[in-house]
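Asker: So the sequence shown is residues 1 to 432, counted in UniProt numbering.
Because the hints were derived from the structure by calculation, they are not lab data. Note that the Cβ used here is the ideal one computed from N, Cα and C, for glycine as well. Each hint should be verified, as a subset may be incorrect.
[Claimed, not checked] Per label pair, the in silico range of CB-to-CB distance: (1) L210 <-> L364: 58 to 64 angstroms; (2) R199 <-> A383: 53 to 59 angstroms; (3) S13 <-> F165: 30 to 36 angstroms; (4) Q177 <-> D156: 38 to 44 angstroms; (5) Q391 <-> N299: 35 to 41 angstroms; (6) Q332 <-> Q177: 45 to 51 angstroms; (7) Q186 <-> N207: 17 to 23 angstroms; (8) T38 <-> D87: 35 to 41 angstroms; (9) Q337 <-> S55: 36 to 42 angstroms; (10) Q186 <-> G314: 50 to 56 angstroms.
[Said to hold, decoys possible] Quick list of in silico lysine-lysine cross-link-like pairs, DSS-like style, CA-CA up to 25 angstroms: (11) K158 <-> K145; (12) K226 <-> K80; (13) K145 <-> K113; (14) K10 <-> K113; (15) K329 <-> K16; (16) K10 <-> K335.
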Amino acid sequence: MRKGIFWSLKNRSFVKDVIQEEQVGQISPRAFCPYDATQEPDPKYFRQILENSLSPEDRSSFCEDFLKLLNYNKKKHKDKVPCLVGDANSDKTSLFYPILGLIHHGNVATVTKQRAFNKSMITPFTEVIFIDEATEATLDIDDWKTLTQGGYSAHDVKYQSAKSFINRCPMVITSQQKLNFDPCDQPAMDIRLTTYEFRSLPNPQRNAALWLKKHPMDCVIWAAEKAKAFSDEENESDEEQSIVEDGILQEKDKEELRALWFDQVLDKANNFPTAREDESSQDVTQVTDDDSDSNHSGNITEVLEDNLKQLHPGSLRHRQISHLLQTEKANQHIKDQFQQEQRENRVAWLKERGVSSQNAELLLPDPDQPTQSPIVRDLTRHANAQMAVEQDARREAARKAFDGTWLRATEAELKECCDRYQALATLLSARI
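Using the sequences and the hints given, assemble the complete structure.
Answerer: Structure representation (structure tokens):
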């Protein structure tokens, strides 16, 4: 959450003003992250690690499992647990650090080497379980099965009585090599684990883990864009079908459409032939290179509106373009509000530094554009005035210091000492 803009884990999108005014102070987001919702995510090392080892299909599956780690207390019975297997310098462990940037480490549990008490960190308040560098001997096989499948559980705790609880904590495992259990137990563990194999990076970065922990939202938002569509089980409460004139669109189809990029829409929507009720099929006007390369949201909105007019209402393409148009307008509104807030802050800053209100209003919204001459003159005039005031203050401080009684008394005492020393020196030289 930042500046009233929230990231919804359920919807996997940005939402605004979720907390009502009467709820302020009673509920709060799970985490506060410094992230600009108007910018494209830049996962950097997160993407490099995945692209170095996983295929596009495996990356999509991993991103889905990665996002599930944030679903506190929602793990279903025998949901598969991701197991990251890789050599040294594959940075597989670093992939968990964005989670540590969102979840306090006190709510992250792991397995210790205390034998009977090795699972004592796992409690009903644990948000995620992380087992690093696991081997087959890290846990007994029955503990491996109960921990990875979730559900009813009870763990021994020192100096306390064991209490049962329902374990719904999402979980992730890393290992140097693929976990090979006894032949009689391997099929059961294969049902519980999803193995992702990672290769060593050609140029591993020492600060990758720290960077990932400090930029968790870049990784989460990028993963949400790359993740596979929600499964039917995850959306069984929202799995109402949308009935339209030309067919039925299921929720999974909607998510696939929402995951499309704008450049795909601009490239494909204009190349799709559309049929109108009173016209024969015709090609939609191609988008020019200048429009495709433009970063202005207004151009994208105009292109989407033009294409929407040429599509048959109720068609799949019409619904797709309508949703993208609505999303683009919402994003543009957020961007405009952010730019307006930035401009107001800059205007206030200029006024504090002596720029007149009339000249401050000349400030352009874009901070990259050059500052107008009247504003520069006011800033220069104010800087010169401040410098003159500081010089006068230093002169006054020096004058007060030299006019002080302490300085005058000290000078008189010093002169008296010098006179006595001179007289003594004259007397000694006369005797010699």
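Asker: Next step is simple, just say for each hint if it's right about the structure.
Answerer: We went through each hint and held it up to the structure:
1. L210 <-> L364: 58 to 64 angstroms: Once the Cβ atoms are compared, 37 angstroms apart, the range 58 to 64 angstroms for L364 and L210 is violated.
2. R199 <-> A383: 53 to 59 angstroms: holds (57 angstroms)
3. S13 <-> F165: 30 to 36 angstroms: holds (32 angstroms)
4. Q177 <-> D156: 38 to 44 angstroms: violated (29 angstroms)
5. Q391 <-> N299: 35 to 41 angstroms: violated (53 angstroms)
6. Q332 <-> Q177: 45 to 51 angstroms: holds (50 angstroms)
7. Q186 <-> N207: 17 to 23 angstroms: violated (38 angstroms)
8. T38 <-> D87: 35 to 41 angstroms: holds (39 angstroms)
9. Q337 <-> S55: 36 to 42 angstroms: Check passed, 40 angstroms falls within 36 to 42 angstroms.
10. Q186 <-> G314: 50 to 56 angstroms: holds (52 angstroms)
11. K158 <-> K145: Distance of about 23 angstroms is within 25 angstroms: holds.
12. K226 <-> K80: holds (19 angstroms)
13. K145 <-> K113: holds (18 angstroms)
14. K10 <-> K113: violated (36 angstroms)
15. K329 <-> K16: Holds - the C-alpha atoms of K16 and K329 are around 14 angstroms apart, at most 25 angstroms.
16. K10 <-> K335: Judged against 25 angstroms, a Cα distance of about 23 angstroms means the pair holds.
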